[in-house]
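Going down the list, the protein sequences come from chains A and B. Position 121 of the first sequence, counted from 1, bears residue number 121 in this note's numbering, the numbering being contiguous throughout. Heads up: take any position in the second sequence, counting from 1, add 248, and you land on this note's numbering.
Keep in mind that the hints were calculated from the coordinates and are not lab data. These numbers come from a predicted model, not from an experiment. Hints should not be assumed to be uniformly reliable.
A few chain B residues facing chain A, derived, Cβ under 8 Å [as the list claims (entries may be wrong)]:
{"no.": "1", "residue": "I275"}
{"no.": "2", "residue": "T344"}
{"no.": "3", "residue": "C348"}
{"no.": "4", "residue": "V352"}
{"no.": "5", "residue": "P356"}
{"no.": "6", "residue": "C377"}
{"no.": "7", "residue": "R378"}
{"no.": "8", "residue": "E380"}
{"no.": "9", "residue": "I381"}
{"no.": "10", "residue": "N385"}
{"no.": "11", "residue": "A410"}
{"no.": "12", "residue": "K412"}
Using N, Cα and C, we set each Cβ at its ideal position, and we do this for glycine too.
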Amino acid sequence: MELQSRLPDVTLFGLNTVADSLAAIKKVVFEDKKASMEEMIDALKKNWEGHEGLRKACMDAPKFGNDDDYVDLISRELAQRFNEETRKCRTNRGTPVIPDGTAATAWWSFGRICPATPDGRFAGDPFNDGSVSPTAGRDHKGPTAVLKSVSKVDPLISWNQLFNQTVMPDYLKGHNAQLFAQYLKTFSDLGIHHIQFTTVNRDVLEDAQRHPERHPTLQVRVAGFAAYFIDLDKNLQDSIIARTAQCF
Amino acid sequence: MDCPHHPRVEPNGGGEGVVFSIQRYSIQDGPGIRTTVFLKGCPLRCAWCSNPESQSPNPEIMFRSQKCQRCGTCANLCDVGAITLVDGVSRLDRSTCTMCMACVEACPSGALALSGKHMTVEDAVEESCRDEIFYTNSGGGVTLSGGEPLFQPEFSARFLRACKDRSIHTALDTSGHGTWQTLKRVLEYTDLVLFDLKHLPLREASRGNTGEQRPHSRQFEENPRLWRKKGLDQDPDDPRLQRR
């Protein structure tokens, strides 16, 4: 591991944006035949303008994070194939290249320069959070369904997967604390090796955007690291606020 | 039009029911981490009802005005003219609507959405047991709620039985409003009852508050008495009774 950790890597991000996109194409174009592939490409080029109906159909297609095999298994296969392809690569000195899922904030920064995608995402919007979290706001079935979805993507083949969840602080108190412990036990039973929790109320984050002077020490988990919230770029702040808050 | 106070004939002999929503990670509806299955249809019309959209036994189209973009797509699309635009906002006339769902599929903002769908017992159980591993670790299970589960008694009984077949803990969230026969049948497969007792004794005021009709009121009062007679609420340790 000592040696491997110094090898160059290929970083995976936007995995579930791709999975959601392929699921939308499979459902809307091939199964329901609501649009042709040409129309889809045209809609993406126009950033969905004048194609609101098609975007609705794409948004209604299965989305990662809802314990739905239709899309979760696409995500799993993508991660597998990403791993296989990466391992075929060699550097110019002949040393191996390894897959990596750290992603940091790439899901946000590269999303800004990427045109619209078939999952219903607009040009410039962030990709799915972390490397394996659902796209913000698209997981509708609560935190357990998200864990089930994530557990289908084998973390070991890409060595590390960045997975963020936001939990409201009230849901970690009293009786809820015990349930949360049981939730964590299940997370481990499902073979997921990492979750990074943010437990700040949305109101506090929004207040910190408006009045940074009041929150000089407010820290949030960004991506494998914590940062002072008020130091972050406004757009990155927004995308952290947009992470689905799990209110049980 | 179904009378709201009479359970309709259950489709496929109770092999199929109308489910309003299946909510995972429910932590207020019994012990542990649970999944709550909300059935559609209730004989009561309580003034404080928390899910009024679950009162009618049939699937309904819901309209969320705050989500409406005022694009008028739905009104242009409706074959029977059931949708009119009032100040740009759609208004649905439920008496002419044929539930063809064209508007729900086309609505770009999701303001028009279907509430309630027909599900077979097998599908409902499959969906409800997806969090089984969480139930095992937390002492949780499945809670049947509503609406009123006793309004679809055969479906409820079959559903709970199928859960018990999988060794999953079952809870029944009920106002107790159903025949004693029905209750008894459903209780066979119920580990815990969350009894939402309304008014006792039944007075004019409670009739007003719950929409309870006179011909059914005897049942409404008698069920809790029968429970008492069976000794269910005599024993505070009876695991099937839990005060909320």
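The hints, checked one at a time:
1. About 5 Å separates the beta-carbon of I275 of chain B from the nearest beta-carbon of chain A, less than 8 Å, and the hint is met.
2. Nearest Cβ of chain A to the Cβ of T344 of chain B: about 24 Å, over the 8 Å cut. The hint is violated.
3. Hint status for C348 of chain B relative to chain A: violated, with the closest Cβ pair at about 16 Å, above 8 Å.
4. The closest approach between the C-beta of V352 of chain B and any C-beta of chain A is roughly 10 Å, which is over the 8 Å cut-off, so the hint fails.
5. Because the beta carbon of P356 of chain B sits about 4 Å from the nearest beta carbon in chain A, less than 8 Å, this interface hint is met.
6. At its closest, the beta carbon of C377 of chain B sits 12 Å from a beta carbon of chain A; the interface hint therefore is violated under the 8 Å criterion.
7. Annotation: interface hint on R378 of chain B holds; nearest CB of chain A at approximately 6 Å, less than 8 Å.
8. Against a cut-off of 8 Å between C-beta atoms, the interface hint on E380 of chain B is violated, since the closest Cβ of chain A lies about 10 Å away.
9. Hint on I381 of chain B holds. Least Cβ distance to chain A is approximately 6 Å, under the 8 Å limit.
10. Interface restraint check for N385 of chain B: the shortest CB-CB distance to chain A comes to about 5 Å, inside 8 Å, so the restraint holds.
11. With 8 Å as the threshold, the beta carbon of A410 of chain B stays out of range of chain A, its nearest partner Cβ sitting at about 19 Å, so the hint is violated.
12. Residue-level restraint check for K412 of chain B is violated (minimum Cβ-Cβ distance to chain A is 21 Å; threshold 8 Å).
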